[in-house]
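Peer 1: What follows is each chain in one-letter form.
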Amino acid sequence: MTHFIDRRLNPKGKSLGNRQRFIRRAKTQIKEAVQKSLKDRTVTDFESGQKISIPKKGTEEPRFVHGSQGGERDRVYPGNKEFVPGDEIKKPPQGAAGQGKEASENGEGEDSFQFTLTQEEILDLFFEDLELPNLVKTSLKEIKRMKYKRAGLSTVGTPNNINLVRTMRNSFGRRIALNRPDSRAYNAVKDELFELEKKADPTPEDIARKKELIAQLEAFDVKRKRVPYIDPIDVRYNTYEPTPVETSQAVMFCLMDVSGSMGEREKDLAKRFYILLHLFLKRRYEKVDVVFIRHTHEAQEVDEQTFFYSRQSGGTIVSTALEEMLDIAKERYSADTWNIYVAQASDGYTQSGDAQHCVELLNSTIMPMSQYYAYIEILDEREMAVFADEESGAELWRAYRKVHHDWPNFAMTRISKPQDIYPVFRQLFVKKSENEVAALARGIT
Amino acid sequence: MTLLFEGADWDFGQLDRVYQAVEDIAFNDLGLDIYPNQIEIISSEQMLDAYSAHGMPLMYKHWSFGKLFAREETLYRTGMQGLAYEIVINSSPCISYLMEDNSMTMQTLVIAHAAFGHNHFFKNNYLFRQWTDAEGILDYLDFAKKYILKCEEEYGLDEVEAILDPAHAIMNEGVFRYHRPPPLTEHQEEEKLRRRIAHERETFNDLWRTLPQPVTGDTQDLEADDDDVLNAMKLPEENLLYFLEKYSPILKPWQAEILRIVRNVAQYFYPQRQTKVMNEGCATFVHHYIMHELHRRGQISDGALLEFIHSHTSVVFQPDFDDQRFNGINPYALGFAMMEDIKRICEEPTDEDKDWFPDLAGSGDWRGALKHAWQHFRDESFIEQYLSPKVMRDFKLFALHDDSESPSYEVSAIHNKLGYRAVRQTLAQSYDIGTLDPNIQVVGASLSSDRKLTLQHTPHRGVPLDEKQTSKVLGHVQRLWGHEVEMTVAGEEDQDAA
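If you read the sequences in order, they're chains A and B.
For the first sequence, this note's numbering assigns the number 1 to the initial residue and increments by one for each residue that follows.
For the second sequence, this note's numbering assigns the number 1 to the initial residue and increments by one for each residue that follows.
Fair warning: there could be bad hints in the mix.
Derived BS3-like pairs (lysine-lysine); straight-line CA-CA distance at most 30 angstroms [stated by the list, open to error]: (1) A:K14 <-> B:K390; (2) A:K81 <-> B:K252; (3) A:K91 <-> B:K396; (4) B:K145 <-> A:K91; (5) A:K14 <-> B:K276; (6) A:K27 <-> A:K147; (7) B:K396 <-> A:K14; (8) B:K252 <-> A:K27.
If you are wondering where the hints come from, they were derived from the structure by calculation, not from laboratory data.
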């Protein structure tokens with residue numbers, strides 16, 4: 001069966017490099033298209049990849065071709081039914097000549113190019129140049145993980161780590177030093193002996209020579225046995241030593257208001273925001289712990305599934321969530337060893353007086369220990385119009401304004417439409433240079 | 001004889017038996033002459049990969065291939081388009097890819113079609129023999145891929161793209177049409193280039209720059225030099241890529257080498273574009289004959305034959321011009337019909353055939369006649385020579401004259417006694433690469449003054465170039481030439497730049 005080669009197990013994705021080059025090329029268009037399609041769906045909808053179409057501009061490949069109009073042409077077609085020579089067929093009016101090209105979005109009749117992006121590729125585009133700000137409590141660079149690094153050679157080890165080159169080099173050197181007869185010399189003697197043996201009537205010299213050769217061959221054998229081809233002392237192994245890798249530990253607290261005042265729409269917006277945040281963290285920071293806390297008039301820590309999918313309702317006391325968060329931090333995430341991030345989503349309504357309590361908590365304990373605190377207020381569109389001014393807002397918003405003013409790492413912003421989520425998210429986590437951070441954190445809202 | 005296989009599943013043992021049986025018919029009955037075969041089984045995903053690189057197992061990387069892949073993949077995944085059953089590569093050994101999803105019948109068909117039909121055509125057709133180098137292509141592509149990768153590492157993706165994009169834009173104008181290109185010599189080339197660059201690096205001395213330049217003589221001397229250069233350029237030049245590679249004032253050696261790679265790839269594919277009807281016709285005829293012969297010998301079952309016929313008829317289906325599915329003349333259909341017809345003319349000629357093909361009619365040796373045609377013709381000349389009235393009637397061919405001045409098309413000839421020759425000639429011409437591709441040449445390069453490069457388009461029967469695309473391509477050419485580029489139209493006042 002020499003004719004057949006089974007290639008099915010060969011690595012796939014041979015054109016991955018081409019695909020990356022293509023995406024790189026059409027990046028701006030793809031980004032726009034992805035953002036447009038994000039308007040009315042959540043990121044999790046992209047699980048199986050997403051079909052997008054981009055304008056051909058930027059990825060077109062022009063060629064010298066004949067124009068569609070002008071000149072004389074003759075063509076042959078199959079399937080004549082009733083034509084006879086000399087028949088005239090009226091040309092369709094100009095412009096309608098094509099075969100019903102679909103009108104594209106920009107209306108210029110330019111073709112668009114449609115293809116499918118994988119979820120990976122979409123998320124890459126989503127989270128490009130985003131990062132957690134202030135991930136730099138340098139003192140906190142805790143030795144946490146061990147990574148195996150090559151650390152030279154050793155004389156002990158497991159067979160799978162044998163360093164063949166070194167082993168053979170040692171063996172070669174030893175064989176030369178100890179004068180081990182190599183196979184060439186050995187074979188030469190053997191061949192000569194064989195030639196002599198073939199002679200029908202050997203001369204006395206031949207016989208003497210034969211004896212000499214036999215003696216030599218025996219000496220060779222002894223020597224070869226004594227000096228082996230590979231000796232255990234030749235063997236070298238690659239060694240790997242565990243080396244500590246510094247990783248910064250970070251935890252993200254996600255606080256969400258699920259009280260009765262939050263309507264279905266608001267809860268949905270908050271959830272969408274957190275889904276995006278969660279995906280971002282999972283993707284970019286393997287080592288980030290995420291703690292989900294939801295609250296009504298009382299707060300509780302929940303798992304991912306409950307946080308995103310379960311329904312609950314009740315009154316609103318925002319400070320309960322903050323207290324719960326503090327408790328968990330005290331218990332598990334001490335500020336000496338952890339970078340702490342907090343994201344809070346709420347509709348801005350809380351029990352009267354509670355806002356002040358929240359501010360106290362923030363000022364006294366939470367802000368000093370946090371790297372970054374993002375407050376997202378979820379409004380309906382009517383409210384958004386009313387509260388167009390930065391200054392005005394619900395109780396919590398007004399109270400938080402002060403905190404925002406005092407603490408550069410406290411960011412606050414508002415969302416009223418699904419379209420806002422992604423821009424706001426980008427705004428909150430866009431990559432900044434060190435000294436810009438403080439300035440921008442103020443400028444956010 | 002016993003059946004070679006039963007049922008749809010295949011395994012390597014069966015494939016081997018089928019190969020032997022097909023080979024027996026191909027050699028001992030049809031008398032085909034082929035490159036050694038290398039048949040590879042691939043998955044559908046790998047098939048998509050192969051699609052996007054012109055079907056080549058090796059190709060350099062470029063975003064346009066990624067774009068192609070993205071489109072093919074979307075079409076395939078959404079079920080709008082199936083995948084080809086096979087891809088075959090004009091190389092020695094001749095590589096054919098079989099899809100793992102094919103049924104055993106389909107694998108048999110594909111082996112006959114690609115590994116014998118196409119393979120015979122590649123090895124024997126004069127265009128392929130003359131213009132491509134089946135022995136060297138894979139080595140050359142390997143060199144090209146590595147070379148471009150190295151350039152990307154050294155100069156950056158953007159720099160390489162800035163050369164590849166324009167080069168692809170004038171790829172069709174990057175072939176020698178009138179003389180044979182030199183054979184591909186990948187290793188020597190690579191070695192030479194590498195050594196030259198290394199030498200330049202080692203011997204670089206900034207002091208040379210400070211030496212006083214030799215004083216140039218008066219302008220007359222300069223112009224004389226210029227003439228020499230122009231003479232050396234041998235204008236007009238039809239191969240734009242070749243011209244730019246050799247004479248562009250701004251390209252560095254590595255950039256010129258990339259143009260050379262694109263040019264060599266273009267040259268390699270040049271014969272394929274001229275022999276679509278013949279190549280597919282040859283392969284389709286061969287698989288059709290072999291499958292029926294296998295059945296006649298009792299080596300494949302009736303069921304397998306029916307499955308084959310079902311697939312075969314959809315391959316050679318020709319929708320009428322007013323059918324929604326119409327998308328030009330199907331090269332499989334036309335090629336297969338013409339070759340079957342040659343067989344018929346040789347075996348059972350009618351009086352009409354005796355008038356039209358006195359040499360062929362009744363000769364009985366259809367194998368010889370077909371092999372002769374496969375070897376010595378390309379689409380245009382093949383149709384001109386062999387398209388018979390019967391095929392024209394079967395296809396109900398008619399010719400349409402389109403004069404842009406006139407408000408209507410005119411039916412100039414149909415499949416009747418008066419029209420056969422006109423229809424045949426018109427159809428043949430529509431396969432002539434000379435009329436398909438715009439005729440564009442480099443006619444002038446004023447090296448002493450503004451270095452303007454002048455291209456000339458010679459319209460065929462007044463058909464102009466597409467304006468939008470042309471201006472974009474000219475932009476690309478300008479990037480390679482570094483100075484102004486203009487396009488003139490022959491017939492207008494000739495602006496001789498020299």
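Peer 1: Each hint needs a verdict: does it hold in this structure or not?
Peer 2: Going through the hints against the structure:
no., hint, verdict
1, A:K14 <-> B:K390, "47 angstroms, violated"
2, A:K81 <-> B:K252, "59 angstroms, violated"
3, A:K91 <-> B:K396, "22 angstroms, holds"
4, B:K145 <-> A:K91, "48 angstroms, violated"
5, A:K14 <-> B:K276, "27 angstroms, holds"
6, A:K27 <-> A:K147, "35 angstroms, violated"
7, B:K396 <-> A:K14, "45 angstroms, violated"
8, B:K252 <-> A:K27, "29 angstroms, holds"
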